[in-house]
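Based on the sequences and whatever the hints tell you, model everything.
So you can see what is in the structure, the chains are spelled out below.
2 protein chains.
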Amino acid sequence: MELLKERIRKDGLVKAGQVLKVDSFLNHQMDVELLGEIGKEFLRLFQKDQVNKILTIEASGIGIACIAAQYFQVPVVFAKKSKSKNIDGEVFTSRVESFTHGRVYDIIVSKKFLGAQDRVLIIDDFLAKGSALEGLCKLVKDSGATLVGAGIVIEKGFQEGGSLIRGQGVRVESLAIVDHMDEETGEIFFREG
Amino acid sequence: MELLKERIRKDGLVKAGQVLKVDSFLNHQMDVELLGEIGKEFLRLFQKDQVNKILTIEASGIGIACIAAQYFQVPVVFAKKSKSKNIDGEVFTSRVESFTHGRVYDIIVSKKFLGAQDRVLIIDDFLAKGSALEGLCKLVKDSGATLVGAGIVIEKGFQEGGSLIRGQGVRVESLAIVDHMDEETGEIFFREG
Chain A
54 MELLKERIRK DGLVKAGQVL KVDSFLNHQM DVELLGEIGK EFLRLFQKDQ
104 VNKILTIEAS GIGIACIAAQ YFQVPVVFAK KSKSKNIDGE VFTSRVESFT
154 HGRVYDIIVS KKFLGAQDRV LIIDDFLAKG SALEGLCKLV KDSGATLVGA
204 GIVIEKGFQE GGSLIRGQGV RVESLAIVDH MDEETGEIFF REG
Chain B
54 MELLKERIRK DGLVKAGQVL KVDSFLNHQM DVELLGEIGK EFLRLFQKDQ
104 VNKILTIEAS GIGIACIAAQ YFQVPVVFAK KSKSKNIDGE VFTSRVESFT
154 HGRVYDIIVS KKFLGAQDRV LIIDDFLAKG SALEGLCKLV KDSGATLVGA
204 GIVIEKGFQE GGSLIRGQGV RVESLAIVDH MDEETGEIFF REG
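Here the protein sequences line up with chains A and B, keeping their order. The first sequence begins at 54 in the numbering used here and counts up one residue at a time. The second sequence begins at 54 in the numbering used here and counts up one residue at a time.
Note that these hints are calculated values from the structure, not bench results. Possibly wrong hints are sitting among the right ones.
Cut-off 25 Å, straight-line C-alpha distance, at most; resulting in silico cross-link-like pairs (DSS-like, lysine-lysine) [to be verified]:
1) K165/A / K63/B
2) K165/B / K63/A
3) K164/B / K74/A
4) K165/B / K74/A
5) K191/B / K165/B
6) K182/B / K134/A
7) K134/A / K134/B
8) K164/A / K63/B
9) K134/B / K182/A
10) K68/B / K164/A
11) K134/B / K68/A
12) K165/B / K58/A
13) K74/A / K182/A
14) K134/B / K74/A
15) K164/A / K74/B
16) K165/A / K58/B
Put into structure tokens, the structure is as follows:
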């Protein structure tokens, strides 16, 4: 998605440790006009897939998912990060490792909001090592819902998440795939095609 | 806002301890069509106030704020919940007590995204004891921005948050104010006018 790549080139900041900061427009401050264009692009990619629910994870996925959901005209469910595993059986749960924050946590979704009747599109802002996305896929699978695919805003193509999830047979559509970042010059190189 | 009150009466669940669960349409599963109507109502209330930024707090405020921001055509900034106080001076920070979760945490906003040029509308899903809203107001004040007011989806009118924040001179517009909930019958009574 060219508009997105241009914005990342203009406002994205390359930091030490292969960190890409896009907090001025995507995941701290959010440009809702850009999110609208992102939502339209996800609809274009998945419009034939009879999506009836969008699943995301708190926090930064929520805004992107809600705006995209307006184009699909479907509800959003967001998985919550939980410190203690719910033991009353009312939730689907999955374990996720955050490499950014150096910790492991459980994510949960109420069983009321995911089930066999659902055709789920997962939406998230980043795909890097793939732990969050793998956890979300597991929630969908456990619920008996159909996983239509995953729509990702920015994929770090030099990390293993994309291969991992696609290798499990999940359709992953990333609107911008970063192949390489130069920490010295700040240049960002995208995968073409 | 009558549409919202009807929805709360229909799908809201009154739980022990004066808990109102609206997780089927507002803060776990989200009805984005309803959020669109909520956004339009916030615009109607604040359209003369030259809002140029919407501030909210993760997680459940984000979807509401992003959809409202489309009507205002302004960016959203969401305050992050942080376990450790950032000490490098790059963020505004405030302490918030969560009565639901029984803990105290810091909220932070990067200094890059709030400043004297901003006219800020705060948006959040709930107002109860008012600690989160008070924390957000403090962030705005510390940044030198102008606080236009706060748009709240559901205010628990029988708790002290509304009086507390209005008593500080902040304009608070709540789309539904719950005056009383009957835990026996599940009935919800709204303030009129």
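Consistency of the hints with the structure:
1. K165/A / K63/B: holds (16 Å)
2. K165/B / K63/A: OK: K165/B and K63/A at ~16 Å, within 25 Å.
3. K164/B / K74/A: Judged against 25 Å, a Cα distance of about 15 Å means the pair holds.
4. K165/B / K74/A: holds (13 Å)
5. K191/B / K165/B: holds (16 Å)
6. K182/B / K134/A: holds (23 Å)
7. K134/A / K134/B: holds (12 Å)
8. K164/A / K63/B: Between K164/A and K63/B the Cα gap is close to 20 Å, so the pair holds against 25 Å.
9. K134/B / K182/A: holds (23 Å)
10. K68/B / K164/A: Holds: K68/B and K164/A sit about 18 Å apart, inside 25 Å.
11. K134/B / K68/A: holds (22 Å)
12. K165/B / K58/A: At roughly 22 Å apart (the allowed maximum being 25 Å), K58/A and K165/B satisfy the hint.
13. K74/A / K182/A: Judged against 25 Å, a Cα distance of about 16 Å means the pair holds.
14. K134/B / K74/A: Between K134/B and K74/A the Cα gap is close to 18 Å, so the pair holds against 25 Å.
15. K164/A / K74/B: This hinted pair holds, its Cα atoms lying about 15 Å apart.
16. K165/A / K58/B: holds (22 Å)
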